[in-house]
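Order-wise, the sequence lines are chains A and B. In terms of the numbering used here, the first sequence opens at residue 1 and continues consecutively. In terms of the numbering used here, the second sequence opens at residue 1001 and continues consecutively.
For the record, the hints were derived by calculation from the structure and aren't laboratory data. Fair warning: this is a prediction, and the values are worked out from it, not measured in the lab. Glycine included, C-beta positions come from ideal geometry on N, C-alpha and C. Treat the hints with caution; some may be incorrect.
[Unchecked claim] Each pair of labels, with its calculated beta carbon distance range:
hint, chain 1, residue 1, chain 2, residue 2, range
1, B, Leu1040, A, Glu319, 20 to 28 angstroms
2, B, Gly1066, A, Glu319, 47 to 55 angstroms
3, A, Glu319, B, Gly1083, 37 to 45 angstroms
4, B, Pro1101, A, Gly133, 57 to 65 angstroms
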Amino acid sequence: MLARADPDSGDIAARVLAGEERALARLLSGLEDQSPWAGAALAALRRSSARDSRAARIVGVTGPPGTGKSTLVDKLIGIYRGRGERVGVLAVDPSSPFSGGAILGDRIRMQGSPREARAVDGGLFIRSLASRGRLGGLSRSTSRAARALEAAGFGIVLVETVGIGQSEVDIARLADSVVLVTMPSAGDEIQTIKAGIMEIGDVFVVNKADREGADRMVRQLRSALELSRSALELSPAGPEARPSYAAHPAPPPRSPADDSPLVLKTVAETGEGVAELVEVLDARWAKLRDSGRLEERRRRGALAEARSLLADRVLGELEALEGGLEERLADEIVRGELEAAEAATLLFDSIRRGGARA
Amino acid sequence: MDRKIRVLVAKPGLDGHDRGAKVVARSLRDAGMEVIYTGLRQSPEQIVQAAIQEDVDVVALSILSGAHMHLFPRVTELLAQKGAEDILVIGGGVIPEDDIPYLKSKGVRAVFGPGTPTQTTVDFIRANVTGR
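Bound conformation, chain A alone:
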């Protein structure tokens, strides 16, 4: 839509390393726009960053809409900043499927109290991202954005997903720890977080715990977690036996040797329970690092991301196929002359031949 001169990748990387916020902001935009220069800049940045890339902790915060994720992130920022950590935040909100536009409002709740003036001290970088059609709860390049923040020296990277409900599990591939935020609600509590979502939480938070039904919600979560845990352990193939799809590889499964996910109560509005959450995250992080499971988790995440990029690329090739092959095949399927699986084979062969007509 807009033409803007491509910046030089090496120059951007150097300026990010020098702590220039504007360069980092431009890099994140370039990554969001899938610009080639930004990919090169990220690679250069990560290679020249003196930091051990595992020095940063990536914490995902996810859960249904309205449960208080942004407010909880705000309080986490306060605690981590209070310890002198530099904090990067990626807050993802949905794009409108109709206009492609978005209103990104998480930032409102992440600015601390008016007296703190926290966002202007250089130790906090908040970036709002639009999901841009991606359905997994993150935008296409959120993991690259997180790595950019990591390489830029932010020791804590908090990633808040789109409000989720059913199957938005991308965050499990990106984050070292996933905090799943829920709240007390009337009726069938567990209904608000379904299979798949339950499996990605490392720490469960019942927020707004000053409301009626908080303890019931905690009990229900605990018993649901015990059930899914024993199902995992009893499964003959073990936890590795998960379905995997090219475009949506399964998130790294939690090993049964992990500690059971904890269920905590918070009232993010007042900050109650947030210090305990930070303690739990600290302990979990120490264990992840010391046991070598951090590497394993990140390796799986990296593979899943590469695979997802590959799937995007194959779909891109498909769109670039000349001659309306896809449309012709679709017509044939509708007329009953061809099966969808056969059409997929024809399209795949055509891509492999470099776009020649089938």
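Position chain B relative to chain A; hints supplied.
Below, chain B without anything else, positioned relative to chain A:
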């Protein structure tokens, strides 16, 4: 690559009326833009910091308290200090006609008063945001 226009809609100063800002935010979204809304009572420093971190093309300021003569120029001044004078700054709210020339001389590129059709704002942004 396809790049979205990103707009920061901000309310500097102390008035608590953000209906206008929200209407503008929605219409910009419906025009396909990505709008970061930062809420009420933002200091110029916070607004400029957000504009830079969010890498926006446009800062749209709304004010009804009458402090525009101080706060709007403060935002453009801080943007310039950060080397971000290429970000388009526009204003809205209750702004007397007589104040507009001064605001424009301070780098506020357009002022949209009450009753401005939202399409006018959308068109102005589209026409004035260029490659940077």
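Notebook entry, point to check: Within 37 to 45 angstroms or not, the Cβ separation of Glu319 of chain A and Gly1083 of chain B?
Noted result: Holds, since Glu319 of chain A and Gly1083 of chain B (Cβ atoms, about 39 angstroms apart) stay within the stated range.
Check: In this structure, is the beta-carbon distance linking Gly1066 of chain B and Glu319 of chain A contained in 47 to 55 angstroms?
Finding: holds (53 angstroms)
Item checked: Distance restraint hint 20 to 28 angstroms, applied to the beta-carbon atoms of Leu1040 of chain B and Glu319 of chain A -> For Glu319 of chain A against Leu1040 of chain B, whose Cβ atoms are near 44 angstroms apart, the range 20 to 28 angstroms is violated.
Note to self: Verify the CB-CB distance for Pro1101 of chain B and Gly133 of chain A against the hinted window 57 to 65 angstroms.
What the structure shows: violated (43 angstroms)
Comparing the model with each numbered hint stated earlier shows that hints 1 and 4 do not hold.
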